[in-house]
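Chemist: Quick note, the sequences are listed as chains A and B, same order. Following the numbering used here, the residues of the first sequence are numbered contiguously, the last one being 123. Following the numbering used here, the residues of the second sequence are numbered contiguously, the last one being 1654.
FYI, nobody ran anything at the bench for these hints, they're computed from the structure. Mixed in with the good hints, there may be bad ones.
[To be verified] Stretch by stretch, here's where chain A covers chain B in the computed footprint (C-beta under 8 Å, at least three residues): (1) 1349-1359; (2) 1370-1380; (3) 1431-1444.
We put the beta carbon where it would ideally sit given N, CA and C, even for glycine.
So you can see what is in the structure, the chains are spelled out below.
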Amino acid sequence: MSSPDISQASNDTGTGPRLTQVFLNSRREAIVIFGSWFVALCWAVPYCYINGYGHLVDPETMSTTMGIPTWLFGGILLPWIIADLFTTWVCFFFMKDDKLGAAGDEETHAEPVAVTGAEGGAA
Amino acid sequence: MNGLQTNLLAAADSGTAVLWTFLIYMVGVFTIAGLSNRLLKNRDFLSEYFLGSRGLGVWAFALTLAATSSSGGSFMGFPSKIYTHGWSLGLWIGSYMVVPICVMGLLGKRINEVARTAQAITIPDVLRDRFRSISFGLISVSLIVFFMTFNLIAQFKGGSTILKTLLGPIDAFTSSAASLPDWIGNMCSQGNEYLVCLVVFGVAVIVYTTYGGFHAVVWTDVMQGVVMVIGVVIMLPLAINQAGAVAATDKGAGLEQVTRAMARMVPPRKGTASITAAKAGTDVTVPSGSWIFVGEGDEQRLFKIKNRYDLTASESRFEAAEIWEIVTPADVEQVRRRLESGSEPSNVTGQINLEIEELKDYAYGAKPEQAGSYVTGPGPSREKADGFLPLSLAISFFFMWAISGTGQPSNMVRLMAFNNTITLRRSIFTVAMYYSAIYFPLVIIFCCARVLMPGMESEPDRIMPQMAVELTSNIGMGWLAGLLIAAPFAAVMSTVDSFLLMISSALVRDIYQRNINPDAEEKKIKTLSYVITMVAGLGALFGAMNPPEFLQDIIVYTGSGLAACFLAAVVYALYWPRSNAQGCIAAMVSGFAAHLSLYLIGFFQGNGFSPYRPLSMDPIIIGLVTSFVVGWVVTILTPPPPRDLVEKYFHDAS
């Protein structure tokens, strides 16, 4: 979302001021995360609509998986499990650790401020 | 006092234990507040009081965010919706699979960095400094105070309702509530017991929030978050086991039979009737929630009378009493069993006459071609002919939870408080696991409630505490109800304290310190922070004495409204170097106007608090799209921001 007015802000030119690493990493991660929301939307809603909406149900023969209506299992519970796996990957293998700067009013922590890569060595 | 609770809890001899559980819980809350107050010493007061000195670690950050998001809506409104509409609530809540990663991951790292760069303590602080615009700060403060006040009142009502259920069976409570002078009771439209609970809940939350500040809120959130997940984990197997036994057939028991029993269910009919005593001239008390069988043999019908009526010689007839007819044969049998066992409190069959005035089927779900509506989409609905969750609304709710959650200032301010990016990553993972353990299990638990406790459609907001009492009493551990009921109570409390602090930070920091008296001494700021927090809380408490009716609707309105105002403005501020004050203010104001106008149109169309939905789209989508588009257009039509601002927030200092 850059514009010509501030084009020299781009890191690609190598001539202007450099965008902060936090900004670049945050933007990259936000795009992937927003994509995951979009994929979840595109899977869950159509799947549930096609398989679970407006069907006449025979209580004796209706399809269930682990006691849950199958349309809901396939449309929500299964992707929920996959989403948890994806979240795990993002948290421990994709997101970078960055210096966030100092405001001067921070609590002193025992936990060191991270400057290295993500857990799992992806950085 | 609700008769069902009395009966069950007295049978289990658990009233005292429930009270003890609650008292221990409150002692824990106040201990945390006391410890938090000690942290205020020797630190920058405002930063510590409103932002915890940006020092939150994994557990504190993860659970405060999770607990704050899980408001009274999650443990009161959501269960009542599951009970009323069945399995389709699984899709309604489905986007929670990506809520943690969206809410924390989309903005977290960047907003934390910008807040540190700006030395900002609040969201209006961030916006004001990011664009060097006083008016932007004031507009955002106004919107936060507007929406948060609405929401606080609804949350206070939720907290009081839960506490009323908890304390209801205790004699000392009911007698002290009954002994309140009339002039005090007349101040509240909800009755004396509600008023006492409102004062107890309100004073407790106001005191610990005022005294302890942000750290008290965060650490009580942690405790409350743990209570919530324990509550769900205990309830899940009990619910499946007990409802499965009720629904058991020769093909087995368990959740599968619960689902098949739900597939046979037909929504109840709601209507009105006139009530008279069966024997003229006799006094008859009809407790709220009483059951009555009308007719004989195969023609016999079962009705529930929602409210209490006292028939006397002078007042021998009541018109337009709200009634619900249970039409599913298995549900009728379950009610009959519960009446025989004493689980249901009152059967007034033979004591009164019921003359039915009007009975209406659900608009969706009652017709034969809609059979099985509790186990399929769009789910039964009493008002809407296209069902509870038509396709367009299902899409809207995918926006609502994940995207709207990202746009909540109460979440954003927490994103400003974590200490480093390791904490952020681990917290996203923790909240993802936490939500997985809560939300889908809640759907299962309250689908089971449909089988276990038929007829709760008349007062669905009470299903959570009723279910807690039912499940624990059935296993002879009524005292455990105290812990389970503490879960929704904790949910409300953790939301109320956060919102309370947001309002006071907006007034103290963003209005007073930054606009009226920038050189105010810390002692004065401190006193003002305490006073404003207390006054804001008391204001909400008084507002909740005569609360609006629709708890969940108000929570949805304020949540979606805040997102429509703040999300586009904050996203542009964080990720678009070209963004300027004009564009972001336009995004905020246009989002607010678009969202509000749909509610106003709905109101003037006679839909009450239900908004107008063009193309069946929820106002959140219209509000967000309007906000993003208007913000973008205004930005490119107005001059770019000052270069030094862009360099400060986007470029390396070197």
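Chemist: Each hint needs a verdict: does it hold in this structure or not?
Modeler: Here is what the structure says about each hint:
1. 1349-1359: violated (count 0)
2. 1370-1380: holds (count 6)
3. 1431-1444: As far as the region 1431-1444 of chain B goes, the hint holds, because 5 residues have Cβ atoms under 8 Å from chain A.
Hint compliance for this structure: hint 1 is the single one not met.
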